[in-house]
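K.L.:
Protein chains in written order, with my numbering: chain A, 1 to 347; chain B, 1 to 388.
Because the hints were derived from the structure by calculation, they are not lab data. Each hint should be verified, as a subset may be incorrect.
25 angstroms max Cα-Cα, derived SDA-like pairs, lysine to any residue [said to hold, decoys possible]:
| id | chain 1 | residue 1 | chain 2 | residue 2 |
| --- | --- | --- | --- | --- |
| 1 | B | K176 | A | Q11 |
| 2 | A | K322 | A | D189 |
| 3 | B | K321 | A | S9 |
Computed from a prediction, not measured in an experiment: that's the story for all the values here.
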Amino acid sequence: MTRFVPNFSTQQLLPPWVSLDARNWVFLIQVPPETLKTYLDTHFNCAAPDLAPYYYEPVDFPYGVLRVTRHDNFSSSYGGVAGSQTLRKIDVNWAFPVNRWQVSPGNMRYSKQLVWIEPMAFDNNSYSMFSSREIWGTEVDMAHIHVEEGNDPNHMHIDVAAQGLVTFDPKSLSHLIGIMHIELNPKTDIDLGRLMDTHKGLASFIGLVFASIGLKGNDDGKHASEVNTLKQFRDVFNMQVAVYRAIIASRADQTNVSDVKFYDGCDVSLDFMWSASMAEALKGLFFGQDFVLPAHSPFGHPGRGHAIDRQPVDWNLPRLRKEVVVAASYTSNIRYDVTGTLHTYGR
Amino acid sequence: MIQGPQNIPFAQSASSQQVPPPYHFPGVTVNAFVWPVDISRVQTYCDETFNLGTEKDRGFTYRPAALWPYATLLFLDYPIMLSSNPLPQDIGEMPYSDRGIISQTEVFIALPVIRYGTNPVTLVTSTALEWALPFIVVGNPMSSVCGREMLGLGKLLADISTGVGRFPNSFEGSIKLPFWPSLEPGVQMENGEFVKVTTNPVLPTFRTSKSPKASISTLFESREASLVVEEMASLSNLVEDASLGMIPTNMRTVGLKQYRDALDVERAIYQSIVTCRAHYSNITQFRMYDEADVKISFNDSGSFNEILQVFLEVGDTPSNKTHELQPVAGYRFMADIDFDQMRVIHSFAIDRENGLPPIPAQSDLTAEWARPLKGFFGPLTHPMRNAE
Chain A
1 MTRFVPNFST
11 QQLLPPWVSL
21 DARNWVFLIQ
31 VPPETLKTYL
41 DTHFNCAAPD
51 LAPYYYEPVD
61 FPYGVLRVTR
71 HDNFSSSYGG
81 VAGSQTLRKI
91 DVNWAFPVNR
101 WQVSPGNMRY
111 SKQLVWIEPM
121 AFDNNSYSMF
131 SSREIWGTEV
141 DMAHIHVEEG
151 NDPNHMHIDV
161 AAQGLVTFDP
171 KSLSHLIGIM
181 HIELNPKTDI
191 DLGRLMDTHK
201 GLASFIGLVF
211 ASIGLKGNDD
221 GKHASEVNTL
231 KQFRDVFNMQ
241 VAVYRAIIAS
251 RADQTNVSDV
261 KFYDGCDVSL
271 DFMWSASMAE
281 ALKGLFFGQD
291 FVLPAHSPFG
301 HPGRGHAIDR
311 QPVDWNLPRL
321 RKEVVVAASY
331 TSNIRYDVTG
341 TLHTYGR
Chain B
1 MIQGPQNIPF
11 AQSASSQQVP
21 PPYHFPGVTV
31 NAFVWPVDIS
41 RVQTYCDETF
51 NLGTEKDRGF
61 TYRPAALWPY
71 ATLLFLDYPI
81 MLSSNPLPQD
91 IGEMPYSDRG
101 IISQTEVFIA
111 LPVIRYGTNP
121 VTLVTSTALE
131 WALPFIVVGN
141 PMSSVCGREM
151 LGLGKLLADI
161 STGVGRFPNS
171 FEGSIKLPFW
181 PSLEPGVQME
191 NGEFVKVTTN
201 PVLPTFRTSK
211 SPKASISTLF
221 ESREASLVVE
231 EMASLSNLVE
241 DASLGMIPTN
251 MRTVGLKQYR
261 DALDVERAIY
271 QSIVTCRAHY
281 SNITQFRMYD
291 EADVKISFND
301 SGSFNEILQV
311 FLEVGDTPSN
321 KTHELQPVAG
331 YRFMADIDFD
341 QMRVIHSFAI
351 DRENGLPPIP
361 AQSDLTAEWA
371 RPLKGFFGPL
381 THPMRNAE
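Please model the entire structure based on the sequences and the hints provided.
P.N.:
Next up, the structure:
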């Protein structure tokens, strides 16, 4: 065995992770189906140079989940020592469910399993960001994240900002720019039945989402919490080549779920801020590759305040509203475990 | 050139903000501070970081540079950071070099180490002076990710403050880092001050506590000092005459690039020694500080203690006090820096899972100066231009 050489710069938050009393907000969003398929084809289904013995396909309903989680007691339980390297953090990630088929050497697909894919994530703690990227393979970017939940949990406000470029130009200067703004301000009582009738497949999708957080309390629900990530690292010289590329399986099991509340999507304002740095991600993951920024898009931050963590944020960007179908909030304990390496590329 | 097991393509994500090297950094302000270091700690660092496995298997041994038993703390302010990749990038989008500019501050501690070949031939051709960076922090998250994932530099993300101190033309710099005040489970991470540096104005100045003449001679009147100045700051413009034109303008960094297995985190799925070149040019405005008036305070609390053990004479457990340091030299200058010539000089053998064949060790140890003699023109010979 080649022993990893540990030191202070690489010893952050070894798995498993445990988060106690994490506050969760989930926003169900409909996206163009081709965005999901394109991501799967470019990251999981393509030869690199060998093919993994799996095939990933989107589920029948084109929904995904934008998740915001505030962790006030997040730690490593590596080596059975609970509470190691405890920290606070907020993470935001975009996830969607897919069907993963096993593929035989004769190219027969069998044994379908539902797993989650997380193509985009932000974290406001560098130590958990390093661990996410370097151990789990999640493509997390560092961000400044502000979550404002006052005395009334129904009213809440989330801002995300990260280093980026407003326009691509040799003289553009990277700075802290707005990424997204979410505001929840319920005025109506949610009618889940009406929403499910209106949105095809929504009932099944909500079932998938909550199957993974312990509401059903059975083994089937646990199976739905598997996450697959593409873990890869560049060669030091030829940056288009990876020295390591593998599909990693992990799971996030939620227990002690409480304070569950649903919200009608019409009471949620979700705005993505358009910049050169985010354009490809917004097109590729949320709006479709053919999307063109409307000529008269509204500008600026719709919420209060323009700074996060006392850092000024440039919100002077075109704003794109994305419809939220339904939202929910809850509190839970979450345990994150790596379960294995499904496939290592390079035979 | 060392290559991996296969030509595995890297899947470029649209959301990725990381910019791969090479880079060009014009107009960098460097503040540097030098102090004696315990050679045995440097040897321990070399043994634990570079001298992995047996000497026979790897073919080299890293040792401290006995001629220069000093550590150097550098604060670098980069007003402009550019991708300088001249080659087709094939990323389906605008080339990195045309996208824009990043600025940031970086702080690192450099220890000179010498890589010796282990037989009579390689002792000559593979021996090279390199700079280990056991501590490196940056203010820009993209830079930290690139350094860690591409270059084998263990960059941490920090709040770095630099500027003029109490007096005009002086310097004050500090680093705040995430840390745990106690290593007991359940203790919350905090953002704490790791190090603070203050100086009086650059020389000549009337604000000195000792003779400024003595200060200058501290640095320049010893052969060892001139060596480190040459390597650390590549002060070719300034001291070319003094060194008879034999000043190298390159500083080669060395780092251990490694990644963990996701399930068995004690196991490495990739491990190699990577060197890169930092080429300094257009060096101007070189000024010395009176080292007697330079104050460096490291915070020996909680999880910071593990960092300090590499280069300071601290105990194995935190003293929960500040560790004051008296440097033997302090100086500042401006320079243009090119960061390039990334090279894997040795990849360690890797056992793989799922019945995959192991990846054998590979070496490309020829020292920079000996490469032309050996027919290597590797650094500027990109596979896109000269497929092997």
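K.L.:
Which hints from the list above does the structure break, by number from lowest to highest?
P.N.:
none
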